[in-house]
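**Q** Spelled out from the first residue to the last, the chains are:
Number of protein chains: 2
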Amino acid sequence: MSKNKINTKVLSGFVELLPQQQLTFDTIKNIVEASYRSSGYVAIDTPVIEKSEILFAKAGGDTEKQVYRFSKGDNDLSLRFDLTVPFARYVSEHYNDLFFPFKRYHIAKVYRGERAQKGRYREFYQADIDVVAENELSVMYDVDIISTIASTIENLSKLCNLGNFKMKISNRKIWDGFFDEFSISGEQKASIMNIIDKKAKITPEVFDAELSERVKNSNVERLIKELFELEFIPNIGVSIPEKYHSDFSFLSANEKMKSGIRELETVIKSLQTIATDKFIIDLSIVRGLDYYTGTVFETFLDNHPEFGSVSSGGRYENLCDNYTDKKICGVGGSIGLSRLFVPLIEDGVVTNIAPGLVDVLVIPQNENCYLIATEIKNKLSEGLVNICKTSIIYENKKFKKLMEYANKVGAKFVVIVGDDEVKNNAFTLKNMQSGEQVALPINDMLNELKKNFNR
Amino acid sequence: MSKNKINTKVLSGFVELLPQQQLTFDTIKNIVEASYRSSGYVAIDTPVIEKSEILFAKAGGDTEKQVYRFSKGDNDLSLRFDLTVPFARYVSEHYNDLFFPFKRYHIAKVYRGERAQKGRYREFYQADIDVVAENELSVMYDVDIISTIASTIENLSKLCNLGNFKMKISNRKIWDGFFDEFSISGEQKASIMNIIDKKAKITPEVFDAELSERVKNSNVERLIKELFELEFIPNIGVSIPEKYHSDFSFLSANEKMKSGIRELETVIKSLQTIATDKFIIDLSIVRGLDYYTGTVFETFLDNHPEFGSVSSGGRYENLCDNYTDKKICGVGGSIGLSRLFVPLIEDGVVTNIAPGLVDVLVIPQNENCYLIATEIKNKLSEGLVNICKTSIIYENKKFKKLMEYANKVGAKFVVIVGDDEVKNNAFTLKNMQSGEQVALPINDMLNELKKNFNR
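As they're listed, the protein sequences go chains A and B. Letter 302 of the first sequence, counting from 1, is numbered 302 in our numbering, and no numbers are missing. Letter 238 of the second sequence, counting from 1, is numbered 238 in our numbering, and no numbers are missing.
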């Protein structure tokens, strides 16, 4: 590159894929979208730019520092850092034109000026689903969210050969009720929740030591550890192991804890009808963001622990309260599309899941054949829309060079248009894999290709 | 709304659609994408944020003022104002990993802080296609771009009942060669091109007066007007009417003009094989942006002159020269998706082109039926992925209320799950249009729905 040219490298922390990688990523994105749609979630599209006051009504300190914020005219603007806050604004603004329960999906880019590191991007795709309603919303929608995410990840995992996954599920009401019982609140509660959140990432010894230091009450400390053994027993339900029942005698009077356990039971029981080994109770799942109020979940790939949770979400009650007097409650979940798949694609772990860039390449052999070849290409493109991708190459080069191009773009068939073919009104259709070739008039060729690409 | 709530209205000049409108817009967007793909264009996705120096290498004064520009850390950043400049950067950066001619499409949002007015948005979708290659690129790719845009607009126009359209085509080499002939250049040439560009929007009298003032040479003025009569005659070609031949005797020695006329002839001749009434030579099409160097085109809807050109583009030679020493030439076109369709959708002109938000709604009649209804819904969602959209409603409300919801979301079928249905293991499938209902086991229901939605 000569000195006076501008550096064209993409900004640090931003993603840019080559065409075949892009096709792979888009194939994955389309599968997620098809899965969300087929489960009854409908698309919305909100602006990338929001008024800063909208975004900062809920955002915590760390998020605020990461936001791309700027002025234009008199407006204090920011790029969205997630899809949930814009959704809360959308629901508040369009409340009278929506129907509830309202199930929406949104697959789009969000922006966070994080320190750039592998798998952490400054612009990345999230794939969100949420259900919201006014005042109340059956806990069965928690099941709807989790099962939709589960079947989406199942599809992706199969396609990309990622192996098994587990969804760890909890309910924040259980901890909230528990800490109420012992009058633990404010900073102390936050500090204990914080170490519970870290449990899976640290050794049991460190966890015990940290827990002890934060709780400062050996009885409560023991109960917390016993609570982690909360279990689901098919045909019976979710309960604390019998040996601890006497320790939890207070439970019968603690409505919040009981309600959390009942909800967790409903969720787990319903999910068992889908699979018996994928959905696990894990009370260490609390989710950092403080807006969750009930069910919470995270998702882990058995063979790819390096990604941490690849999909998470939960139930919230107060997300719209800065925007409207209406009491909107909801439950949602999100798949971190870029964070999961961009590294897998760039590292060549996920590859060859998408077809070639071009399926059928029309090759006119000289300039006299351009016009008829163009007609053929247009007929194939139109006749095979949504079935396959037809292109054409106009280059005055040796046939071998043109076939090299066909191979590069992954063409499964080439259509050769030369002087003889034009004279006979039958064009050579060559299968690039088998090497077989037949001479066909255009309509027969259209049918032959339809048969080949329509499974 | 109470006083202390934040205003949730979307920013002025930004678009936000209701779910049914969004589905209509997305249907249109998908048709464009399918059309581009089927013609052999491949997707790329570049960041919304670029380094400002990348964007401003080519942008003119007015564009620069409209750009959303801001700093983050040490970086001077901007939101892209079109998809062409980022594409030029992409091609320069990834040159060695691409294959040429490289045909790409990109359908995405771009940003311009224009004065907000109807049909002018600050965030809007463009749908671009381009072909680029090093050093040379056959004029047949101009045909590929124009015919792909034409068949896309044809599909959209039919779907949305927009009536006929015309594509006006010219070639900048004709004017460039003409002005060279008379040594007209610099500001005078720009000023004359500017009034030529406005010809269709002003009266002939005003045009004549303005032209005369700017040309200041009655011979040249007459020749310009004669040149506007350049015509295509089937089986002969593109030429100046015979009565003017002696005026243009210099043409035989003007290579640039001749080359422009020959290219225009190739383009028009090839397009005639698609339709004889859609492609018109119009030398008043010059396209404001100065990077075009050959073929230029604009597209007009007969019944909607208020939109001006709904799709335009052309040939360029020097788009990458700020980024690379390689000589990249290309041709491209763009459909202004938001500018055309958002007003038509918001005004209710384009409506009912998309199906309902939900196709099949599962309705459990009481809480005892939730679990089995959930299983049914999951089976339908999975079995009918990419075929139809299945949802479920968990609400303890009267059946009538639930049916109202079914109507609101546009459900074509409801599946009723009540105690009797569970007992008999056959569930009521009701056609919402005909009122017909049948009781079916789940697998039969799956097949019945498949038959109904798979055309």
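Read the hints as simulated data drawn from the structure, not as lab findings. Just so you know, these numbers come straight off a predicted model, no measurement behind them. Just so you know, not all the hints are guaranteed correct.
Same chains, same label: a pair holds when it works inside one copy or across any pair of copies.
[As the list claims (entries may be wrong)] With a straight-line Cα cutoff of 30 Å, these simulated DSS-like cross-link-like pairs (lysine-lysine) come out: (1) Lys400 <-> Lys118; (2) Lys412 <-> Lys29; (3) Lys278 <-> Lys168; (4) Lys278 <-> Lys158; (5) Lys158 <-> Lys379.
**Q** The structure should be examined with respect to each hint, and the outcome stated for every one.
**A** Each hint tested on the structure:
1. In this assembly of identical chains, the alpha carbons of lysine 400 and lysine 118 never lie at most 30 Å apart, being 41 Å within a copy and 53 Å across copies at closest.
2. Within a single copy, lysine 412 and lysine 29 get their C-alpha atoms as close as 24 Å, and across copies as close as 27 Å, so both meet the 30 Å cut-off.
3. Only within a single protomer do lysine 278 and lysine 168 lie at most 30 Å apart by alpha-carbon distance; the minimum there is 8 Å, versus 60 Å between protomers.
4. Taking CA atoms no more than 30 Å apart as the test, lysine 278 paired with lysine 158 passes inside one copy only; the shortest distance there is 15 Å, against 48 Å between copies.
5. Taking the shortest alpha-carbon separations for lysine 158 and lysine 379, only the inter-copy value of 18 Å comes in at or below 30 Å, while the best intra-copy value is 36 Å.
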